[in-house]
Amino acid sequence: MNRDLQQRLLGEAAVRASEHPADLPRAVGAGMAAVRRKFLFGGVIAVALALALTAAFVAWRLAVIKAPPPTLESIAVTSASQALLPAATIPLTATGRYRDGSSRRLTEGVEWASSNTGVATVDGSGVVTAVAPGSVELTATLAGVSGRLALTVLRGGGPDLAGVHVSPETATMDPGGILQLLSEGSYSDGSRRNLNASALWSSSNPGIVAVDGNGLATAVAPGTATITASQEGLQGTSVITVPPAPKVATALSVTPAKLTLKEGQTARLEAVATYSDGSSATVGNVTWETTPPEPAAADVDPTGLVTARSIGNTAVVASLPGAGGQLLTARADVAVVPSVKSIEVSPVGPVQLEPSKTVQLRAVVFYSDGTKGSTVDWASSRPLIAAVDASGLVTAVARGDAEITATADGVTGNAVTIFVRGVVD
Amino acid sequence: MCELPKRRFLPSLNPLRLVLSVLAIAVVAAGWLLPELISAIPIGAGLLTLVAAVVLPAVKEIEFGLSPGFKLSPALKDREAELRSVFEQQKGDMEYCAHLLCDNPETARELLEAAWSQAASAWRGPVTPQLRVYTLCVLVRLLRKHELWMRRQGQEEAPPASLLGSLTLDERIVVVLHEFANLTFAEIAGMTDRTTPEVTGSMSRAAALTRGPSPEDKPALEEGPE
Numbered sequence: 055m056n057r058d059l060q061q062r063l064l065g066e067a068a069v070r071a072s073e074h075p076a077d078l079p080r081a082v083g084a085g086m087a088a089v090r091r092k093f094l095f096g097g098v099i100a101v102a103l104a105l106a107l108t109a110a111f112v113a114w115r116l117a118v119i120k121a122p123p124p125t126l127e128s129i130a131v132t133s134a135s136q137a138l139l140p141a142a143t144i145p146l147t148a149t150g151r152y153r154d155g156s157s158r159r160l161t162e163g164v165e166w167a168s169s170n171t172g173v174a175t176v177d178g179s180g181v182v183t184a185v186a187p188g189s190v191e192l193t194a195t196l197a198g199v200s201g202r203l204a205l206t207v208l209r210g211g212g213p214d215l216a217g218v219h220v221s222p223e224t225a226t227m228d229p230g231g232i233l234q235l236l237s238e239g240s241y242s243d244g245s246r247r248n249l250n251a252s253a254l255w256s257s258s259n260p261g262i263v264a265v266d267g268n269g270l271a272t273a274v275a276p277g278t279a280t281i282t283a284s285q286e287g288l289q290g291t292s293v294i295t296v297p298p299a300p301k302v303a304t305a306l307s308v309t310p311a312k313l314t315l316k317e318g319q320t321a322r323l324e325a326v327a328t329y330s331d332g333s334s335a336t337v338g339n340v341t342w343e344t345t346p347p348e349p350a351a352a353d354v355d356p357t358g359l360v361t362a363r364s365i366g367n368t369a370v371v372a373s374l375p376g377a378g379g380q381l382l383t384a385r386a387d388v389a390v391v392p393s394v395k396s397i398e399v400s401p402v403g404p405v406q407l408e409p410s411k412t413v414q415l416r417a418v419v420f421y422s423d424g425t426k427g428s429t430v431d432w433a434s435s436r437p438l439i440a441a442v443d444a445s446g447l448v449t450a451v452a453r454g455d456a457e458i459t460a461t462a463d464g465v466t467g468n469a470v471t472i473f474v475r476g477v478v479d
Numbered sequence: 614m615c616e617l618p619k620r621r622f623l624p625s626l627n628p629l630r631l632v633l634s635v636l637a638i639a640v641v642a643a644g645w646l647l648p649e650l651i652s653a654i655p656i657g658a659g660l661l662t663l664v665a666a667v668v669l670p671a672v673k674e675i676e677f678g679l680s681p682g683f684k685l686s687p688a689l690k691d692r693e694a695e696l697r698s699v700f701e702q703q704k705g706d707m708e709y710c711a712h713l714l715c716d717n718p719e720t721a722r723e724l725l726e727a728a729w730s731q732a733a734s735a736w737r738g739p740v741t742p743q744l745r746v747y748t749l750c751v752l753v754r755l756l757r758k759h760e761l762w763m764r765r766q767g768q769e770e771a772p773p774a775s776l777l778g779s780l781t782l783d784e785r786i787v788v789v790l791h792e793f794a795n796l797t798f799a800e801i802a803g804m805t806d807r808t809t810p811e812v813t814g815s816m817s818r819a820a821a822l823t824r825g826p827s828p829e830d831k832p833a834l835e836e837g838p839e
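Protein chains in written order, with the working numbering: chain Y, 55 to 479; chain Z, 614 to 839.
A couple of the hints might just be wrong.
[To be verified] Here are the simulated lysine-lysine pairs, DSS-like style, with alpha carbons at most 30 angstroms apart:
id : chain 1 : residue 1 : chain 2 : residue 2
1  : Z       : Lys690    : Y       : Lys92
2  : Y       : Lys411    : Z       : Lys619
3  : Y       : Lys411    : Y       : Lys316
4  : Z       : Lys619    : Z       : Lys690
5  : Z       : Lys684    : Y       : Lys395
6  : Z       : Lys619    : Y       : Lys92
7  : Z       : Lys758    : Y       : Lys92
8  : Y       : Lys301    : Y       : Lys312
Just so you know, these hints were derived from the structure itself, not from any lab.
Sequences are here, hints too, so could you generate the full structure?
This is how it looks when you write it as structure tokens:
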């Protein structure tokens, strides 16, 4: 482009630029405002992302890392019998007790060992085989924790076992109670021998009554179970009944819990017991007493009847023996307030009024503690002749006679006679 | 295509940020070992530290070219002052280009202001001479969008107000950027998403159209394609 044309075009552009100058500060300011918005938006997104990542990390961590299993504290080894005849086999049971209080049967990973394989051997699954007479200790080991069971292998031979008898044949046990059963064998030579150690003990329902290898029965829950002692194909049984646990009172309350009486008044309190099974009922065999005992504002008799004696406050306490010898108590607060002795109404009357005329009556209430009051209920014997409002204002309505009375707490004051007469009467 | 400077990550990796990153990751790892929901406290604290003390300052530096430090407002003010100073130096040149590219003076002014605003918002890293080229690129892009929008709106073009007005927009852009903004044909091609032969072709056509009588009887646009 030749220089003249270039200069001419530049000149035209310069004129237009001077007539329409661009606002540089505003343009740059708008750009920086956009930067500020982007940065703040990015910051918010980043913080939200960090929080979301935290939540995801924690959730992942909780899902991935399981709580470590509880530590095994001890192992209990049990068997259905603790005395065996040679060649007899019997499975052993290993039960692990954990630090968190739980316990469960151990089936895998348990190492079984016999202290004397000449007396009895035990295989990897815990089955014992009696070999020769003697005593042996069998050990179950898991994770460095061991449990032991002593076992006796009896001498074989001798008279034949003719029968097995378990005593007592029937028994009743409270839940949680234990009972040692006795298994006796009668032999062909007429002798009797204790079979507790050699017999195989079993329970028809271990959830109700459990029995160990020595005949010790433990009542677990209400119900009936049959305990069987077996040896050489012969059996003896004992039927054990566990009755339901009697319900015991766990809490006591008194109704009403607050009582207000006037001097001389009586009221009956009720004691309500809450039982271990969740039920509740009114009980009569509670002991009632006031506290402090003497002098008390009110008396209470053995049936819970409270009599207000003098003005004041007292507490009535009910006591009932609860579970485990614990004494359950509950109380009711009794307040004795003054009673009305008499009421005096003035003017005493008789009062004569013309219809639609009024007269104001006043009542003074005398209480038993010597104080006075004025709170009464007003009543007219014939409201169609003379009406009375709550303040004692009597309004004559129609010709006739009426009596106005004031009553408080059952005490009525002197009646005021109102004669309603016409002007000419 | 308007090119911004590449992101430079290495300068933002200073020792303080590295130490803070390691510490924050260590806290997150420690939280991983704690039981139950207590682990949320160190994990959250570690991640928030990583974001607030490492990621955001680094982004501030890399993406927006703001000065290091935790305070945003002073950094933004410094950046604004720096950009304004550079644009101020280029203002006359840019205004000429804008009015040479667009016949409507109000539109030219508005497009130039928009180009400055967008360049200030998008430019990352330190200010270099490339900012002028980038701003011109944004201006050309906005101008083309404006023309496209005008055509879609069905608004008829006004009769040419200048000699450059008789050129097509592409030809006009090439002439103005080459003759007045002193950009090479290669730079113009890169800026307008065209090939260099297309740009030189536009320049040749523009030279033919704007050739007029001159005192020396020379063509008005005497320079040939590069």
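Tested hints:
1. Z:Lys690 <-> Y:Lys92: holds (15 angstroms)
2. Y:Lys411 <-> Z:Lys619: violated (110 angstroms)
3. Y:Lys411 <-> Y:Lys316: violated (39 angstroms)
4. Z:Lys619 <-> Z:Lys690: OK: Lys619 of chain Z and Lys690 of chain Z at ~23 angstroms, within 30 angstroms.
5. Z:Lys684 <-> Y:Lys395: It is violated: about 87 angstroms lies between the C-alpha atoms, which goes past 30 angstroms.
6. Z:Lys619 <-> Y:Lys92: holds (19 angstroms)
7. Z:Lys758 <-> Y:Lys92: holds (24 angstroms)
8. Y:Lys301 <-> Y:Lys312: holds (29 angstroms)
Checked against the numbered hints above, the structure breaks hints 2, 3 and 5 and satisfies the rest.
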